[in-house]
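Student: Read off the chains here:
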Amino acid sequence: MVDKAKPTAVALEDATVAFRLADSRIFTAVEKARLAVAHGEFVAIVGPTGCGKSTLLNVAAGLLKPAAGSVRIFDQPLAGLNRDAGYLFQADALFPWKTAIDNVAIGLEIKGAPRGKALEQAQAWLTSVGLGAFANRYPHMLSGGQRKRVGLAQVLIRDPKILLMDEPFGPLDAQTRQVMGNLLLELWSADRKAVLFVTHDLEEAIALADRVVIMSAGPGSRIIGDWRVELPRPRDIFEVRLDKQFHELHREIWGVLKEEVMKGYAQSSQRGGAA
Amino acid sequence: MSRVTLLFCQVMVAVIVLALWQAFTTVPVFGRILLPPFFFSNPIDVFSQIVKWFSSGVIWKHLAITLWESILAFVIGSVAGILVGFWFARQPRVAAVFDPYVKMTNALPRVVLAPIFALWFGLGIWSKVALGVTLVFFIVFFNVYQGVKEVSTTVLDNGRMLGMNERQLMRHVYWPSALSWMFSSLHTSVGFAVVGAVVGEYLGAAAGLGYLIQQAEGVFDVAGVFAGMFVLSAFVILIDMAVTLVERRLLVWRPTVRES
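For the record, the sequence lines run as chains A and B.
If you count the first sequence from 1, position 246 lands on 246 in the working numbering, and the numbers rise without skipping.
If you count the second sequence from 1, position 127 lands on 402 in the working numbering, and the numbers rise without skipping.
None of these hints come from the bench; they were simulated from the model.
Heads up, some of the hints might be wrong.
If you anchor each label on the Cβ, the simulated ranges turn out as follows [to be verified]: (1) K65/A x W343/B: 53 to 63 Å; (2) R523/B x D236/A: 40 to 50 Å; (3) R523/B x K263/A: 52 to 62 Å; (4) T429/B x D75/A: 22 to 32 Å.
Here are the simulated lysine to aspartate or glutamate pairs, EDC-like style, with alpha carbons at most 20 Å apart [unchecked claim]: (5) K65/A x D432/B; (6) K111/A x D432/B; (7) K6/A x D191/A; (8) K327/B x E492/B; (9) K424/B x D159/A; (10) K32/A x D75/A; (11) K117/A x D159/A; (12) K244/A x E259/A; (13) K263/A x D201/A; (14) K98/A x E522/B; (15) K98/A x D432/B; (16) K98/A x E109/A; (17) K65/A x D84/A; (18) K161/A x D210/A; (19) K424/B x E492/B; (20) K6/A x D226/A; (21) K98/A x E441/B; (22) K161/A x D432/B; (23) K263/A x E252/A; (24) K32/A x D226/A; (25) K244/A x D210/A; (26) K111/A x E441/B; (27) K98/A x E492/B; (28) K258/A x D226/A; (29) K161/A x D84/A.
Where is the CB? At the ideal position from N, CA and C, for every residue including glycine.
Excised from the complex, chain A in its bound form:
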């Protein structure tokens, strides 16, 4: 499935993630996940709520250690944090006490770049995410969508080889999500990084990605499907949804996903009943 010519950026090999619960039972979030993301490939992971999509991303980031199996980054086993990856979080992750430009510049400053140079580059990145005029605003003075743009600039200024995104546009309204999707594609097409994009929105996944991976309902979720999206690039998120191929693919994947979503609901309501 992975293009042999390109190196594999992220490889999860039978990664199993388990947590010890408060009552010392073991909860298996993800079971034997096998996934490879080639360099320059955009992979979206879709699954029902609570299926461990974010867990998988945290494993790739090195924030979580798998209980079994291994993670390889560019063919090297991952130990500690993944230094090649930039992570865009679902929740607000900007430093609230720093202005937009300082939030973006920090990634370079901690690597030892002189402040003047870091600020210069940060300003350039803010401009490329459309916030050139908002450099001196604090996060609380920005809208949700603007904060996500700053977050994107904060991650991209470090030029990571791998981009991990955990439902980054989840909290935004539908229109803003589409605008952000287009911005992401535009920035990504400049120097194709490997992207692992977690979402619960199948349409968003198909519109953005080269491959869509489906996870089963938890606990112990597995990867149960892998589709290649052959829609031509450059894509426009607004336009691509009208494409016939888009609809066929959507119907096909939704056929599998729907069952898992229903299972997920049934289980979460059962768990709720038991508690």
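Keeping the supplied structure of chain A fixed, place chain B upon it in accordance with the hints.
Tutor: Below, chain B without anything else, positioned relative to chain A:
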């Protein structure tokens, strides 16, 4: 209510209270004076006492002493509170061991420490500073501890993923978070520094506003007691205004700077 009306109403409250005070202490109602001047003095005497203090210049020395004690208590208490707060928050085991003792010490009414401090540090400014420190320390300590503990895990993970090492996390994440908690309690801790100084002076000193009030009380000079109280509240209001200015400057990144 417009600003002018509000100000007018506020001034009227003062005028009415002062007028009633003056009236009840000087004009007999049904042949009887309701507020005996011996216990209640009257506004004119109090005011002339304040004027006398300022025109002769004696008050400045006392104000300076109290201010100096408050500043020392605030600075020493804050530095100690920040250091210990950070230490406990980063070393949960140390915090767990000391937890009952911290609670016990904090539960103690600080006034009872005044005699001990007077014995240890003498009747000069240091016994007052020590009293203020015990008050300021706990407020700053609890806030810094909370601030370090409650750093959002997402912000922390973000810092790590951006490549920060422990030292950089300390500087860019823990420190600003702890400071923001400390500054949110700035009014309280500065207020307590003044309380410590004044109470200490009241219980035994040779100078300061508390000493002035205690001296007046000792000779049944009620006008002097009231005059001391008024000077003290004006002093605290001025300090509080200064704190508000500092706070506005330091917490610009906050969604809402709490108004005092």
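Student: For each hint, tell me whether it holds in the structure or not.
Tutor: Verification of the supplied hints:
no., hint, result
1, K65/A x W343/B: 53 to 63 Å, "holds, 55 Å"
2, R523/B x D236/A: 40 to 50 Å, "holds, 46 Å"
3, R523/B x K263/A: 52 to 62 Å, "holds, 54 Å"
4, T429/B x D75/A: 22 to 32 Å, "holds, 30 Å"
5, K65/A x D432/B, "holds, 15 Å"
6, K111/A x D432/B, "holds, 17 Å"
7, K6/A x D191/A, "holds, 15 Å"
8, K327/B x E492/B, "holds, 18 Å"
9, K424/B x D159/A, "violated, 31 Å"
10, K32/A x D75/A, "holds, 19 Å"
11, K117/A x D159/A, "holds, 15 Å"
12, K244/A x E259/A, "violated, 24 Å"
13, K263/A x D201/A, "holds, 17 Å"
14, K98/A x E522/B, "holds, 16 Å"
15, K98/A x D432/B, "holds, 16 Å"
16, K98/A x E109/A, "holds, 13 Å"
17, K65/A x D84/A, "holds, 17 Å"
18, K161/A x D210/A, "holds, 17 Å"
19, K424/B x E492/B, "violated, 47 Å"
20, K6/A x D226/A, "holds, 19 Å"
21, K98/A x E441/B, "holds, 19 Å"
22, K161/A x D432/B, "holds, 19 Å"
23, K263/A x E252/A, "holds, 18 Å"
24, K32/A x D226/A, "holds, 15 Å"
25, K244/A x D210/A, "holds, 17 Å"
26, K111/A x E441/B, "holds, 14 Å"
27, K98/A x E492/B, "violated, 53 Å"
28, K258/A x D226/A, "holds, 15 Å"
29, K161/A x D84/A, "holds, 6 Å"
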